[in-house]
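Chains as they are written, first to last, in my numbering: chain A, 1 to 290; chain B, 1 to 253.
The hints are simulated quantities; they were obtained by calculation from the structure and are not laboratory data. The model shown is predicted, which means the values in this text are computed figures rather than measured ones. Everything hinted at is true.
Distance windows between CB atoms, simulated:
hint: 1; chain 1: B; residue 1: SER7; chain 2: A; residue 2: ASP181; range: 36 to 44 Å
hint: 2; chain 1: A; residue 1: LEU100; chain 2: B; residue 2: GLY201; range: 49 to 57 Å
hint: 3; chain 1: A; residue 1: ILE235; chain 2: B; residue 2: THR75; range: 42 to 50 Å
hint: 4; chain 1: B; residue 1: GLY201; chain 2: A; residue 2: ARG158; range: 38 to 46 Å
Partial pick of chain A residues on the chain B-facing surface, computed with a CB cut under 7 Å:
hint: 5; residue: ARG63
hint: 6; residue: ARG66
hint: 7; residue: ALA67
hint: 8; residue: THR131
hint: 9; residue: GLY188
hint: 10; residue: THR193
hint: 11; residue: ALA194
hint: 12; residue: GLY196
hint: 13; residue: LEU197
hint: 14; residue: THR202
hint: 15; residue: ARG204
hint: 16; residue: PRO209
hint: 17; residue: SER212
hint: 18; residue: ASN214
hint: 19; residue: TYR215
hint: 20; residue: TYR286
Cβ atoms here follow ideal geometry from the backbone N, Cα and C, with glycine treated the same way.
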Amino acid sequence: MHPAPSVIIFSTLSGLGFGLLFWLGIDPSPPTGMTGFIFFAIAYALAVGGLLSSTFHLGHPERAWRAFSQWRTSWLSREGVCAVGALCILGLYAAALVFLNIHIAFLGWIGAALSVATVFTTSMIYGQLATVPRWKTPLTPALYLTFSLAGGALLSGRTTIAIALLLFAAAVQLAWWQRGDKALANSGTDLGTATGLGDRGTVRSIAHPHTSPNYLMKEFVYVIGRKHAMKLRVIAFGLTFALPLILLLLPFSHIFAALAVLSHIAGVATSRWLFFAEAEHVVGLYYGMR
Amino acid sequence: MTTLPTSTDRKLGLVIDLDTCVGCHACVISCKGWNTENYGAPLSDQRPYGTEPMGTFLNRVHSYEVQPEAGSAQTVHFPKSCLHCEDAPCVTVCPTGASYKRVEDGIVLVNEDSCIGCGLCAWACPYGARELDQAEGVMKKCTLCVDRIYNENLPEEDQIPSCVRTCPAGARHFGDLGDPNSDVSQLVESRGGFDLMPEMGTKPVNKYLPPRLKDSWDDQSLLAPMLEPVADESRGFLSWLDKTLDKIPGGSA
Ligand code: SF4
Ligand code: SF4
Ligand code: SF4
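So here's chain A without its partners, still in its complex pose (with noise of 0.2 Å):
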C-alpha cells in the first residue's frame, strides 16, 4: 500500500493525542489551570492536527461532513463521529477544568470511553479489510490501542503505566510483524483464485493493460520500501521502545523525559510507514506483483 504522509501523520498524531486525552479524562485529580490548558492543548494540538491532515488526501474534503452519517456500516464514517463526540466533550470538561477549576469526572470518563473508541475506529478501518491479509487480524486494533495509551501514558507523565504499556505493545508489535509475514501466504488467495485459472496450472501475467503504472498499481503495489523494511523495523522497535523505555528507568530529569516523547513519537511513525509500505493489497495479484 501507498504510505501518503498525510495518513501517517494522522493516525501516529491522533493516536498519541487521543491517548493522553484518555488519561486526562480518567485522572481522578487532573491538571487544572494553566498546567491544565497546557496538556489540554498539546493533546488537541495532536488529535485535531491528525485529523485535519487526514483530510489532505482527500479528492474533496470540502463535502468531509457527510463522512459522518454512515456510521451503521463504515468504520470511517465511526471513526469521523467518535472524534468529533471525544473532542466536544472533552473540550467542555477541558474547559470547566481550566477555567472554572471545576472537575466533572462524568465528562471525562465518557470523553475518554470516545477517545478510545475513536482509535479503535481507526484501526478497524484496517482491521476489516479482506484485502490487505496482513491488516485483518484483531491484532491490528490491539497494536493501535496499546500504541495510543503506551504514547498517552508517556506524554502524561506517568511513569511506571508506561513502563508497563511500552513493554506490552512492544509484543503486540512483534506478534504483529511475525504473523504478518506469513498472512498473504496463508489467506489462500493467489492469482490462481484471482483469475480462477489455478486448477488449471501456474498463472503468470504476461502483459499489463497499461504501460505505465496506473491509479491501482500507485495506491496498492507499493514495492520501493520493502528493500530496507527489516532495518527500518529495528529502528522502529529501538526508538518507539527500548530508547523511552531505558530513559524512563533513568533517574527521572525534564530533558529525558522530552528525549523520550521524541523518540517515540518518531518509531511510531516508522512503525506506522512501514505498516502501510509492507502491506499487500491481493489487486497486486493480478499484476502479478505483491
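With the hints as your guide, set chain B with the ligands onto chain A.
Chain B with the ligands only, in chain A's frame:
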C-alpha cells in the same frame, strides 16, 4: 445508503468468455468512449502523450499464461471490470453513502456529488474495479452502462453495455444472472462459469467462462489424412511434360 440490500429484484451483470476473448482491448476503448461523456465526471487522462501516461478506465484487459503440469502453455486474455458483487465490501466501507447497490437490479454505483474521494472503497475492492479519477477527485467504476440499458432513445440493439455491444469476438454477454432461465444463466450453467476470488466472500454477480482446453502438440489434425498424396506415380500429359522438360539440358530444379 451503504447498507446492502438483503436481496435485489434482478442481478444484472456480465458473463465474460475467456475462451473467445482475443485480447483486442476494443471493450476498453468503447467503455472509456461511452463513459467519458455520459454518466458523471469524464474519465481523465494524465500525460496522455508524455512519459508514463495514466488515465481512468472502468474496464481493463490483462493477459496471462497458464502452464499446466504437462503439455503446452495457454494464453488467456482477461477483461476485468466491476463484478457488481452481492456482498459488495466497497459499499459498506463508504463513509458518505456515495457508494450504493441498487435494489431493483443490483448495479453498484457511485453518487459522485457525495463522494469525498477518500479512496477507501477502492481499498476494499479485491478486484481493482474502482479508480479514483485524478482530475475530479471522485471515485469512478463500471456503471454497467446504466445510461444505455434503460435508455429508450437508443435503438434497441444499443440498449446493452457499450463493451458488450463492441466486442468483436462475442466474448461479453449481458443479462439477468438472478433469473436461472436467462440466456446468461444458461450459458454459465452449460460452460461451468466461475467466480473470481470466491474466498473473499464478495459473491460477484459477473461470471467468467473457462477457456476450452486446446490441442496438444501430439494431436493429429483431423485434416491430416486428407493431405496424404493420392498417387505415388504421376501420369498423364503433365507427367509427360515434366519428364520431357527434365531431359532438356540447362536449368535445374
Ligand atoms: S467488483 Fe469491486 S467495486 Fe465492484 S461491487 Fe465488487 S467489490 Fe465493489
Ligand atoms: S471514495 Fe467516495 S465512494 Fe469511495 S468510499 Fe470514499 S466517499 Fe465513498
Ligand atoms: S458495462 Fe459499461 S461501464 Fe461497465 S465495463 Fe462495460 S462499457 Fe464499461
